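*Asks:* Line by line, the protein sequences give chains A and B.
Under the numbering used here, the letters of the first sequence match residues 86 to 340, in that order.
Under the numbering used here, the letters of the second sequence match residues 86 to 340, in that order.
Source of the hints: derived by calculation from the structure; they are not laboratory data.
Fair warning: there could be bad hints in the mix.
As the list makes no split between identical chains, a pair holds if one copy fits it or if it spans any two.
Claimed, not checked - The calculated lysine to aspartate or glutamate pairs, modelled on EDC-like cross-linking and capped at a C-alpha distance of 20 angstroms, are: (1) 110 with 280; (2) 185 with 326; (3) 132 with 148; (4) 185 with 327; (5) 223 with 270; (6) 132 with 106; (7) 109 with 96; (8) 320 with 178; (9) 211 with 234; (10) 320 with 234; (11) 109 with 255; (12) 333 with 147; (13) 211 with 251; (14) 282 with 96; (15) 295 with 189; (16) 110 with 253; (17) 132 with 145; (18) 124 with 325; (19) 288 with 273.
Keep in mind that this is a model prediction, so the values were computed, not measured.
Below, each chain spelled out in residue letters.
2 protein chains.
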Amino acid sequence: MLTLVGLGLWDEKGISLTGLDEVKKADTAYAELYTGIWKGSIENLEKMSGKAVKILKRSDLEDHSGSLMEEAQSKNVCLLVPGDPLAATTHADLILQARKAGIETRVIHSSSVFTAVAESGLQLYKFGKTATIPLMEKTGNVLPQSVYDTIKGNLSLGLHTLLLLDIDVENGKNLGVKDALRVLDKLDADGILTDKKIIIMSKLGSAEQKIKYGSMEDLLKIDFGLPAVLVIPGKLHFAEEEVLETFKTQIKEKL
Amino acid sequence: MLTLVGLGLWDEKGISLTGLDEVKKADTAYAELYTGIWKGSIENLEKMSGKAVKILKRSDLEDHSGSLMEEAQSKNVCLLVPGDPLAATTHADLILQARKAGIETRVIHSSSVFTAVAESGLQLYKFGKTATIPLMEKTGNVLPQSVYDTIKGNLSLGLHTLLLLDIDVENGKNLGVKDALRVLDKLDADGILTDKKIIIMSKLGSAEQKIKYGSMEDLLKIDFGLPAVLVIPGKLHFAEEEVLETFKTQIKEKL
Chain A
86 MLTLVGLGLW
96 DEKGISLTGL
106 DEVKKADTAY
116 AELYTGIWKG
126 SIENLEKMSG
136 KAVKILKRSD
146 LEDHSGSLME
156 EAQSKNVCLL
166 VPGDPLAATT
176 HADLILQARK
186 AGIETRVIHS
196 SSVFTAVAES
206 GLQLYKFGKT
216 ATIPLMEKTG
226 NVLPQSVYDT
236 IKGNLSLGLH
246 TLLLLDIDVE
256 NGKNLGVKDA
266 LRVLDKLDAD
276 GILTDKKIII
286 MSKLGSAEQK
296 IKYGSMEDLL
306 KIDFGLPAVL
316 VIPGKLHFAE
326 EEVLETFKTQ
336 IKEKL
Chain B
86 MLTLVGLGLW
96 DEKGISLTGL
106 DEVKKADTAY
116 AELYTGIWKG
126 SIENLEKMSG
136 KAVKILKRSD
146 LEDHSGSLME
156 EAQSKNVCLL
166 VPGDPLAATT
176 HADLILQARK
186 AGIETRVIHS
196 SSVFTAVAES
206 GLQLYKFGKT
216 ATIPLMEKTG
226 NVLPQSVYDT
236 IKGNLSLGLH
246 TLLLLDIDVE
256 NGKNLGVKDA
266 LRVLDKLDAD
276 GILTDKKIII
286 MSKLGSAEQK
296 IKYGSMEDLL
306 KIDFGLPAVL
316 VIPGKLHFAE
326 EEVLETFKTQ
336 IKEKL
């Protein structure tokens, strides 16, 4: 049996009680920490669960998943992953591989930036397609036109756009907020973002979380840290606007 | 201080460790169970947290939130809510009220159907706007045209649509899957759903969860139970299709 357990947002306490129970019951427990920036301690997870947790690399899951599958044929194998497990395409693929091999699977869900983004005041049901702003060194400095198309498509329906930032945790290269803003600015050939205020949310789910709403220019002056996401608001309902106002970059006090 | 704590999917073990810690630290703990169908036990939550948990009604939060706000001015007040707290508009409004009154707020996130829906194999980033199919007695039997417009808008961009089912937990009237399918069928003036296979997912996050992919006609023959959601797939990637195939209504074996 293969059980994917979501670690949720931020640290080792983002896991659900069901998730922790699954780790306790597992014959073997693994964790991957490359599909999201996770600030927890594997040591603490081991103490809480009483299980040794071995960290797997991207290559263990994407190129050499065979040994994991083989183990899951006869044992209860738990794989801990940041956020909610199936937000990352890799894990949907693992589940499919397992099911094809006749291995029972289960997913224990947890918190995710896909819903935590509602802390901005924007209503979840009004989000459109999500895009990821890539690391420019990965694209050979070619601008990610599809990100811009996603924003435009969503705006045409009045929908909000969640923009994730590309990460390369294993090589310590994660796209920062300022670089992401610069990519957006370069992409904006049609000027749709020129007078638009956007939202940046960092370290969601932690006591250090920061949410700011303002022009690109104003946002570039703020240090956010990672993990972070950007949101391009679509058509705003007055209730959404009212919350956003409290996150304006001009407001200096901590709310 | 007002802390909203997500109960996550299904039962009392869907809460995160951070969430349970917050309940333990709270001066007063409340729960509301009308914004989602939740299968947990408040008694068990009380045992785990060592705190009495008082259940609030819709009217306590939507019409008479004054006493909750007053209490949160001087005490640590925890409000437990099904799923991830801010998926429900009511709670975004509570947070805003509190912040306006100078009350510190925090949200402890948890699992939500908005991301658990990825168990279908559909990729989260390709979901468009979400709609809720209303209880027809609430609309006076007027068909919810906006639901159809949402599906059409999403399909025009190739996006998937998550359809939530209206609930009225306090009065024991929740929209069932079959009635929801009938509403969809009546709405389909343009025939966009006639040859389309759709997805039904029920009891997500539990051992009893059921996921089926098929024509409306085939899906009408299956009993799902609640909570449940419907998904109208947009343009499918072959990897998405591969997972969906395993949920086909024709397949009789448990996968």
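*Asks:* Give a verdict on every hint.
*Replies:* Taking the hints in turn, this is what the structure says about them:
Taking the shortest alpha-carbon separations for residue 110 and residue 280, neither the intra-copy value of 54 angstroms nor the inter-copy value of 44 angstroms comes in at or below 20 angstroms. Proximity of residue 185 to residue 326 under the C-alpha cut-off of 20 angstroms is restricted to the inter-copy arrangement: shortest distance 14 angstroms between copies versus 47 angstroms within a copy. For a Cα distance limit of 20 angstroms, the shortest separation of residue 132 from residue 148 qualifies neither inside one copy, at 30 angstroms, nor across copies, at 45 angstroms. Within a single copy, residue 185 and residue 327 get their C-alpha atoms only as close as 49 angstroms, which misses the 20 angstroms cut-off; across copies the closest is 10 angstroms, which meets it.
In this assembly of identical chains, the alpha carbons of residue 223 and residue 270 lie at most 20 angstroms apart only when taken from the same copy (18 angstroms versus 46 angstroms across copies). In the homo-oligomer, the alpha carbons of residue 132 and residue 106 lie at most 20 angstroms apart both inside one protomer (13 angstroms) and across protomers (17 angstroms), since each shortest distance falls under that limit. For a Cα distance limit of 20 angstroms, the shortest separation of residue 109 from residue 96 qualifies both inside one copy, at 18 angstroms, and across copies, at 19 angstroms. In this assembly of identical chains, residue 320 and residue 178 lie within 20 angstroms of each other by CA distance solely across copies; the values are 18 angstroms between and 35 angstroms within a copy.
With identical chains, the CA atoms of residue 211 and residue 234 are at most 20 angstroms apart both within one copy (18 angstroms) and between copies (13 angstroms). Within a single copy, residue 320 and residue 234 get their C-alpha atoms as close as 17 angstroms, and across copies as close as 16 angstroms, so both meet the 20 angstroms cut-off. For the homomeric pair residue 109 and residue 255, neither the shortest alpha-carbon distance inside one copy (27 angstroms) nor that between copies (36 angstroms) is at most 20 angstroms. In this assembly of identical chains, the alpha carbons of residue 333 and residue 147 never lie at most 20 angstroms apart, being 41 angstroms within a copy and 27 angstroms across copies at closest.
For a Cα distance limit of 20 angstroms, the shortest separation of residue 211 from residue 251 across copies, 17 angstroms, qualifies, whereas the shortest one inside one copy, 23 angstroms, does not. In the homo-oligomer, the alpha carbons of residue 282 and residue 96 never lie at most 20 angstroms apart, since the shortest distance is 30 angstroms inside one protomer and 39 angstroms across protomers. Taking identical chains as interchangeable, the C-alpha atoms of residue 295 and residue 189 lie at most 20 angstroms apart only when they sit on different chains, with a minimum of 14 angstroms there against 40 angstroms within one chain. For a Cα distance limit of 20 angstroms, the shortest separation of residue 110 from residue 253 qualifies neither inside one copy, at 31 angstroms, nor across copies, at 37 angstroms.
Taking the shortest alpha-carbon separations for residue 132 and residue 145, neither the intra-copy value of 24 angstroms nor the inter-copy value of 41 angstroms comes in at or below 20 angstroms. Taking the closest pair of Cα atoms, residue 124 and residue 325 never come within 20 angstroms of each other, the shortest separation being 30 angstroms inside a single copy and 31 angstroms across copies. In this assembly of identical chains, the alpha carbons of residue 288 and residue 273 never lie at most 20 angstroms apart, being 27 angstroms within a copy and 43 angstroms across copies at closest.
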